[in-house]
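Chemist: From just these sequences and the hints, can you work out the full model?
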Amino acid sequence: MKSVTLEVNGKKVTKTIEDHLLLSSFIREQLNLTGTHVGCDTSQCGACVVHVDGKSVKSCTLLAADIDGSAVTTIEGLSTNGELHPMQAAFKKHHGLQCGFCTPGMIMSSVDLLNNNKNPSDAEIREWLEGNICRCTGYQNIVAAVKEAAQNS
Amino acid sequence: MKSFNYHSASTVAEATGLASKASAYLSGGMTMIPSMKMRLASYKDVIDVKKIKQLHGIKVSSKSVTIGAATKHAEVAQSKEIKKAIPALCTLAGKIGDAQVRNRGTLGGSIANNDPTACYPSACLALNAIIHTSERKIEAAKFFTGMFETALKKGELIVAVEFSIPEKSSYVKFPNPASRYAMVGVFVAKHKAGVQVAVTGAKAGIYREKAIEQALDKNFSEKALDNIIIDSSDLNSDIHASADYRASLIISSAKQAVAHCK
Ligand SMILES: Cc1cc2nc3c(=O)[nH]c(=O)nc-3n(C[C@H](O)[C@H](O)[C@H](O)COP(=O)(O)OP(=O)(O)OC[C@H]3O[C@@H](n4cnc5c(N)ncnc54)[C@H](O)[C@@H]3O)c2cc1C
Ligand code: FES
Ligand code: FES
Numbered sequence: 001m002k003s004v005t006l007e008v009n010g011k012k013v014t015k016t017i018e019d020h021l022l023l024s025s026f027i028r029e030q031l032n033l034t035g036t037h038v039g040c041d042t043s044q045c046g047a048c049v050v051h052v053d054g055k056s057v058k059s060c061t062l063l064a065a066d067i068d069g070s071a072v073t074t075i076e077g078l079s080t081n082g083e084l085h086p087m088q089a090a091f092k093k094h095h096g097l098q099c100g101f102c103t104p105g106m107i108m109s110s111v112d113l114l115n116n117n118k119n120p121s122d123a124e125i126r127e128w129l130e131g132n133i134c135r136c137t138g139y140q141n142i143v144a145a146v147k148e149a150a151q152n153s
Numbered sequence: 154m155k156s157f158n159y160h161s162a163s164t165v166a167e168a169t170g171l172a173s174k175a176s177a178y179l180s181g182g183m184t185m186i187p188s189m190k191m192r193l194a195s196y197k198d199v200i201d202v203k204k205i206k207q208l209h210g211i212k213v214s215s216k217s218v219t220i221g222a223a224t225k226h227a228e229v230a231q232s233k234e235i236k237k238a239i240p241a242l243c244t245l246a247g248k249i250g251d252a253q254v255r256n257r258g259t260l261g262g263s264i265a266n267n268d269p270t271a272c273y274p275s276a277c278l279a280l281n282a283i284i285h286t287s288e289r290k291i292e293a294a295k296f297f298t299g300m301f302e303t304a305l306k307k308g309e310l311i312v313a314v315e316f317s318i319p320e321k322s323s324y325v326k327f328p329n330p331a332s333r334y335a336m337v338g339v340f341v342a343k344h345k346a347g348v349q350v351a352v353t354g355a356k357a358g359i360y361r362e363k364a365i366e367q368a369l370d371k372n373f374s375e376k377a378l379d380n381i382i383i384d385s386s387d388l389n390s391d392i393h394a395s396a397d398y399r400a401s402l403i404i405s406s407a408k409q410a411v412a413h414c415k
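Going down the list, the protein sequences come from chains A and E.
The numbers in our numbering rise by one with no breaks, and the one at position 128 of the first sequence is 128.
Here our numbering = 1-based position in the second sequence + 153.
Hints were generated in silico from the structure; no laboratory data involved.
Fair warning: there could be bad hints in the mix.
Unchecked claim - Mimicking EDC-like on lysine to aspartate or glutamate, the simulated pairs with C-alpha atoms at most 16 Å apart in a straight line are:
#	chain 1	residue 1	chain 2	residue 2
1	E	K345	E	D370
2	E	K295	E	E315
3	E	K290	E	E315
4	E	K415	E	E320
5	E	K356	E	D397
6	E	K155	A	D19
7	E	K190	A	E18
8	A	K12	A	D68
9	E	K174	E	D198
10	E	K356	E	D384
11	E	K190	A	D19
12	E	K204	A	D68
13	A	K2	A	D19
14	E	K290	E	E309
15	E	K343	E	E375
16	E	K237	E	E320
17	E	K363	E	D384
18	E	K356	E	D391
19	A	K2	E	D198
20	E	K197	A	E18
21	A	K147	A	E127
22	A	K55	E	E228
23	E	K197	A	D19
24	A	K2	A	D68
25	E	K321	E	D370
26	E	K415	E	E234
27	E	K216	E	E234
28	E	K174	E	E309
29	A	K93	A	E83
30	A	K2	E	D201
31	E	K190	A	D41
32	A	K93	A	E148
33	E	K155	A	E18
Modeler: The following block contains the structure:
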């Protein structure tokens with residue numbers, strides 16, 4: 001067992017956890033933040049993407065113990081005072097989601113894209129989102145949403 | 154995943170001191186965590202090496218580029234210093250997996266794993282890399298010994314990889330559309346002493362394609378490869394590509410690599 005302290009969505013949490021606990025399980029089962037989804041559990045689909053110290057990572061392929069002391073942002077931490085984050089608002093406006101399963105990961109990954117590249121082309125958006133799979137295949141609208149969010153932020 | 158004890162080492166000596174028959178080093182975890190989850194592997198002790206300072210940093214000299222083993226693919230892809238010296242390394246790192254894999258996966262983990270479809274081993278072979286470990290220096294040609302096998306001894310830790318700077322080089326990958334690993338990847342490097350061409354994804358392990366090297370030594374152009382025929386008898390054949398298709402991909406990827414060499 002290990003004592004791990006993380007700052008999750010701005011709040012400090014300290015928990016004693018098993019050494020092999022995955023970050024995705026820590027977020028969902030210990031903190032009850034179930035917006036982070038687990039799709040494939042094999043590092044392929046990107047439904048579990050969160051930010052660790054500002055960078056997008058697959059939380060199903062990361063030990064919680066490995067990132068002791070880090071800051072984590074999940075989909076729940078994006079909005080401010082009940083206002084949707086510009087990326088969330090753009091996904092809503094463009095119907096960038098159908099069933100919504102892939103959406104938290106898509107949004108967390110797209111926010112990281114704009115942190116790296118303020119004005120990505122369609123091709124750059126598609127390339128960046130290679131690690132996010134949408135089973136409803138709503139890619140066209142997802143790309144449109146990311147483009148609009150880039151213009152609005 | 155079976156339980157284990159997680160340790161975070163802060164020095165090379167601490168990491169190697171913790172190593173045993175039942176331990177493994179953890180770097181980006183992008184291969185190790187999935188294989189532990191699938192129960193293909195289990196360990197008593199998992200020794201995280203990412204916080205060891207010596208495993209970080211990029212050094213460029215007139216002859217070589219030395220990259221710390223725990224350097225992430227995203228860091229190599231974005232490094233201005235590497236881009237000046239060996240731009241092909243940045244291209245290669247920037248096309249590994251996806252953005253999230255590149256934000257965690259590392260050079261040391263990639264070459265220690267020696268996946269027969271991985272990208273970095275081809276750069277090591279074509280750029281005469283020297284693998285610096287906790288015990289010795291190993292030439293790339295002697296490091297990759299077989300499918301998922303290397304010359305590393307139990308507990309030996311990769312500290313850095315030193316790539317020699319060629320006149321020009323290029324890496325072209327034909328990615329498997331699902332996994333993004335190389336269905337075929339070709340690294341072409343033109344050194345003063347001759348051309349070196351390493352191929353990944355096509356056989357049970359990384360290898361140098363001598364027929365292409367000889368043709369490019371005589372005439373460094375795409376045209377020089379027009380009449381080369383790759384023997385497909387020992388190339389991989391699977392649901393993704395037949396051996397003949399892979400043979401054809403090796404030539405077309407090598408041509409593209411020659412065209413984009415810088
Ligand atoms: C979805 C996905 C797509 C991918 N696509 C590609 C691709 O297109 N091309 C490609 O090349 N790779 C690809 N990869 C693999 C990726 O490059 C990983 O980074 C790499 O396999 C392992 O690096 P790691 O740092 O994550 O190592 P880990 O998973 O932490 O370790 C891998 C192995 O190396 C050992 N090890 C780690 N560090 C050291 C060290 N310093 N010294 C000695 N042994 C060490 C570990 O004990 C373990 O056995 C992909 C991975 C995923 C999940
Ligand atoms: S659940 Fe993590 S990548 Fe699919
Ligand atoms: S909206 Fe259903 S998986 Fe993407």
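Chemist: CA of K93/A to CA of E148/A, is that 16 Å or under?
Modeler: Roughly 9 Å separates the two Cα atoms, so the pair holds.
Chemist: Is the Cα-Cα distance between K12/A and D68/A 16 Å or less?
Modeler: holds, 11 Å
Chemist: Please verify whether K197/E and E18/A have alpha carbons no more than 16 Å apart.
Modeler: holds, 13 Å
Chemist: For the pair supplied as a hint, K237/E and E320/E, confirm whether the alpha-carbon distance does not exceed 16 Å.
Modeler: With a Cα-Cα distance of about 12 Å, the restraint between K237/E and E320/E holds, given a limit of 16 Å.
Chemist: Are the Cα positions of K2/A and D201/E separated by 16 Å at most?
Modeler: holds, 14 Å
Chemist: For the pair supplied as a hint, K174/E and D198/E, is the alpha-carbon distance within the 16 Å limit?
Modeler: At roughly 9 Å apart (the allowed maximum being 16 Å), D198/E and K174/E satisfy the hint.
Chemist: Just to be careful, I want the Cα atoms of K345/E and D370/E compared with a cutoff of 16 Å; is the pair within it?
Modeler: It holds: about 10 Å lies between the C-alpha atoms, which stays within 16 Å.
Chemist: With the threshold set at 16 Å, check whether the alpha-carbon distance from K55/A to E228/E stays at or below it.
Modeler: At roughly 12 Å apart (the allowed maximum being 16 Å), E228/E and K55/A satisfy the hint.
Chemist: Within 16 Å, alpha carbon to alpha carbon, are K190/E and E18/A?
Modeler: Satisfied, since the Cα-Cα distance of roughly 15 Å is no more than 16 Å.
Chemist: Please verify whether K190/E and D41/A have alpha carbons no more than 16 Å apart.
Modeler: holds, 9 Å
Chemist: Does D19/A sit within 16 Å of K155/E, going by the straight-line distance between their CA atoms?
Modeler: holds, 10 Å
Chemist: Under the criterion that the straight-line Cα-Cα distance not exceed 16 Å, is the pair K93/A, E83/A satisfied?
Modeler: holds, 14 Å
Consistency with the previously given hints is maintained throughout, with no hint failing.
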